[in-house]
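A.B. asks: Letter by letter, the chains look like this.
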Amino acid sequence: MTNIIYAAIVLGGMGLIFGALLGIAGRIFKVQKDEREDEILNVLPGANCGGCGYAGCADFASNVVNGNAKTNGCPVGGNDCANKVAAIMGVAASEVERKVARVKCSGNNNSAGLKFRYYGIRDCIAASKLGGGQKLCDYGCLGLGTCQQGCKFGAIKVVDGVAKVDPDKCTACGMCVSYCPKNVIEFVPYTAKPFVTCNSKQKGADVAAVCKAGCIACGICEKNCPTKAIVITDNIAHVDPDKCTNCGVCVSKCPKKVIIR
Amino acid sequence: MFKEMFAISITALLIQNVVLVKFLGICPFLGVSKKISTATGMGLAVVFVITIAAILTWCVNTFVLIPLNLAYLQTLAFILVIATLVQLVEMFLQKCVPALYSALGIYLPLITTNCAVLGVALLNIQNNYNFLQMIVYSISTGLSFLLAIVILAGIRERLETSDIPKSLQGFPITLITAGLMAIAFLGFSGFSI
Numbered sequence: 486m487t488n489i490i491y492a493a494i495v496l497g498g499m500g501l502i503f504g505a506l507l508g509i510a511g512r513i514f515k516v517q518k519d520e521r522e523d524e525i526l527n528v529l530p531g532a533n534c535g536g537c538g539y540a541g542c543a544d545f546a547s548n549v550v551n552g553n554a555k556t557n558g559c560p561v562g563g564n565d566c567a568n569k570v571a572a573i574m575g576v577a578a579s580e581v582e583r584k585v586a587r588v589k590c591s592g593n594n595n596s597a598g599l600k601f602r603y604y605g606i607r608d609c610i611a612a613s614k615l616g617g618g619q620k621l622c623d624y625g626c627l628g629l630g631t632c633q634q635g636c637k638f639g640a641i642k643v644v645d646g647v648a649k650v651d652p653d654k655c656t657a658c659g660m661c662v663s664y665c666p667k668n669v670i671e672f673v674p675y676t677a678k679p680f681v682t683c684n685s686k687q688k689g690a691d692v693a694a695v696c697k698a699g700c701i702a703c704g705i706c707e708k709n710c711p712t713k714a715i716v717i718t719d720n721i722a723h724v725d726p727d728k729c730t731n732c733g734v735c736v737s738k739c740p741k742k743v744i745i746r
Numbered sequence: 238m239f240k241e242m243f244a245i246s247i248t249a250l251l252i253q254n255v256v257l258v259k260f261l262g263i264c265p266f267l268g269v270s271k272k273i274s275t276a277t278g279m280g281l282a283v284v285f286v287i288t289i290a291a292i293l294t295w296c297v298n299t300f301v302l303i304p305l306n307l308a309y310l311q312t313l314a315f316i317l318v319i320a321t322l323v324q325l326v327e328m329f330l331q332k333c334v335p336a337l338y339s340a341l342g343i344y345l346p347l348i349t350t351n352c353a354v355l356g357v358a359l360l361n362i363q364n365n366y367n368f369l370q371m372i373v374y375s376i377s378t379g380l381s382f383l384l385a386i387v388i389l390a391g392i393r394e395r396l397e398t399s400d401i402p403k404s405l406q407g408f409p410i411t412l413i414t415a416g417l418m419a420i421a422f423l424g425f426s427g428f429s430i
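Chains as they are written, first to last, in the working numbering: chain A, 486 to 746; chain B, 238 to 430.
Keep in mind the hints are simulated off the structure, nothing from the lab.
Do not rely on the hints blindly, as some may be mistaken.
What the hints assert, rightly or not - Label pairs and their in silico Cβ distance ranges: (1) B/GLY268 / A/GLN634: 19 to 29 Å; (2) B/PRO335 / A/GLY504: 20 to 30 Å; (3) B/PRO409 / A/ASP544: 25 to 35 Å; (4) A/ASP544 / B/SER399: 31 to 41 Å; (5) B/ILE413 / A/ARG602: 29 to 39 Å; (6) A/ILE610 / B/THR275: 18 to 28 Å.
All C-beta atoms in this analysis are idealised placements derived from N, C-alpha and C, irrespective of residue type, glycine included.
Full structure from sequences and hints, please.
C.D. replies: As C-alpha cells, then:
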C-alpha cells in the first residue's frame, strides 16, 4: 500500500513540479509576437509554396506585419485573401488581378523536330544540359515534366511532349517558372485572351525548319489586328492584354495556328 | 579509464549503432533524411537532446526512484522528464538563441516522441553506468544517430537522380537502402573491445 502511495506522490509531484516549471518558463521566455501574425496565417492558403518570395506562409505573415511585404503579396489566395489580410492590417485593399501560367510552346511530339533521342533521367534541367535539350528548337518546352513534378496544385501536365496548364487549378505561385530551364512559362491574366504559344526568337525560315508549330513572324496577325494589340518583336508575336479586345481575328488568321485562346 | 571510455563510445557508434543495430529512432531516420543539410540539423538536435535527457533521467533515477524503491516507474518518469525538457529547451532557444532555434526549431518537437531518447535513458540504467560512462555513452549514441542519418541522406540524394523501377521509387527504395546499411553495420558486430 505504501508503495502505491509513494508512486502516486512521486509521479504526481514530478508532474506538478514540471508543470509549474513550464508555466514559469513560459512567462520568462515569452517571445513578443504580434497577434496579427497568427490571424494572417489563418486566412492564407497554407500551401507554403513560396510564391510570394518568402519561406512559407508563416514567414510571409510576419513580413506583412513588419511592413516588408504587401497585403496582396500572396498570389495564390488572390483577391479574397488579400482583402482579408488587408482587413487584419487595417489598410485599404488593392486589387490583384488573377494571373495564370501558360506555356509558350506548342511543339509537341508530332510537330517539333528532334536533335537526338533522349534516354537520360526524366528531368528537363538534366536534358537541357545536353546541347540544350533533345528538341531542335532551342526555345521550346522539353516536355519531360520537371514543372509537373514541381507543381503543388496538379495544375500542369505534359501532354504529347508539351506542358499544358489547367488555368482553373493554376494559382500563379511561380514554382513551374522557377523549375523550367527553358523559361518557356509566362504569367498572363486569367481572363482568356489570345495567347502566342511559341517562344522562338529565330527568324521565320529557321523556325519552320525545326518545328511545324512555331511562330514564323509572318506578320499576318499584326496587320489584321483592329486594335493594334499584337506586335512582332524579336521574330515573335506578342499580345498586349490591355489593348486586346478578344475579337479573335489573330486566332483565325494565324497560318501556323500558334495563337490560341 | 580512457580505454574503457573509448570502448563504450566505439560500441555505441558502430557495433551497437542506435538506428542500424538497435533499430531505435527509425521514424526520424526515414522521415528527415531527404537532404544532408536537414539530416545534419536533426542529428545535431538529437545529440543535444539525448545528452541532456540522459543526464536528467540518470539523476532522477539515482536520487529519486532508487532510494524510494520505485525503479519500476522508470519508463513513465522518464517520458515525463523528456517531454518537459524538450519543451523547456525549445522555449529557451526561442528566446535566447533565435539563430539556433530557427536551425533546430522544427526538429525539436519531433524528438519529444523519439524512442531513441527514451531508449538511451533506459539503457544507461540497464547497463549500470556511472555518471561519466553515462555521459560518454549518451553522446556517442547521439553521434551514432547523426552518422546513420547523414549516411542515409547522402545515399538518398544520389538516388534522386538514379533510374529506379517505378514500383520501388520513394519509400520502398529507402527502406531497402536502410536494410542494406543495417546489414553492413552487422559487420562490426564481430569486434570485441
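A.B. asks: Hint by hint, say whether it matches the structure.
C.D. replies: Results of checking the hints against the structure:
1. For B/GLY268 and A/GLN634, the hinted distance range of 19 to 29 Å is satisfied, since their beta carbons lie about 20 Å from each other.
2. Between B/PRO335 and A/GLY504 the CB atoms are about 26 Å apart, so this pair conforms to the stated range of 20 to 30 Å.
3. Taken as a hint, the range 25 to 35 Å holds for the pair B/PRO409 and A/ASP544, whose Cβ atoms sit roughly 34 Å apart.
4. In this structure the supplied range 31 to 41 Å holds for A/ASP544 paired with B/SER399, their Cβ-Cβ distance being about 33 Å.
5. With their beta carbons about 31 Å apart, B/ILE413 and A/ARG602 fall inside the hinted range of 29 to 39 Å.
6. In this structure the supplied range 18 to 28 Å holds for A/ILE610 paired with B/THR275, their Cβ-Cβ distance being about 22 Å.
Violation of the numbered hints given earlier is absent; every hint is satisfied by the structure.
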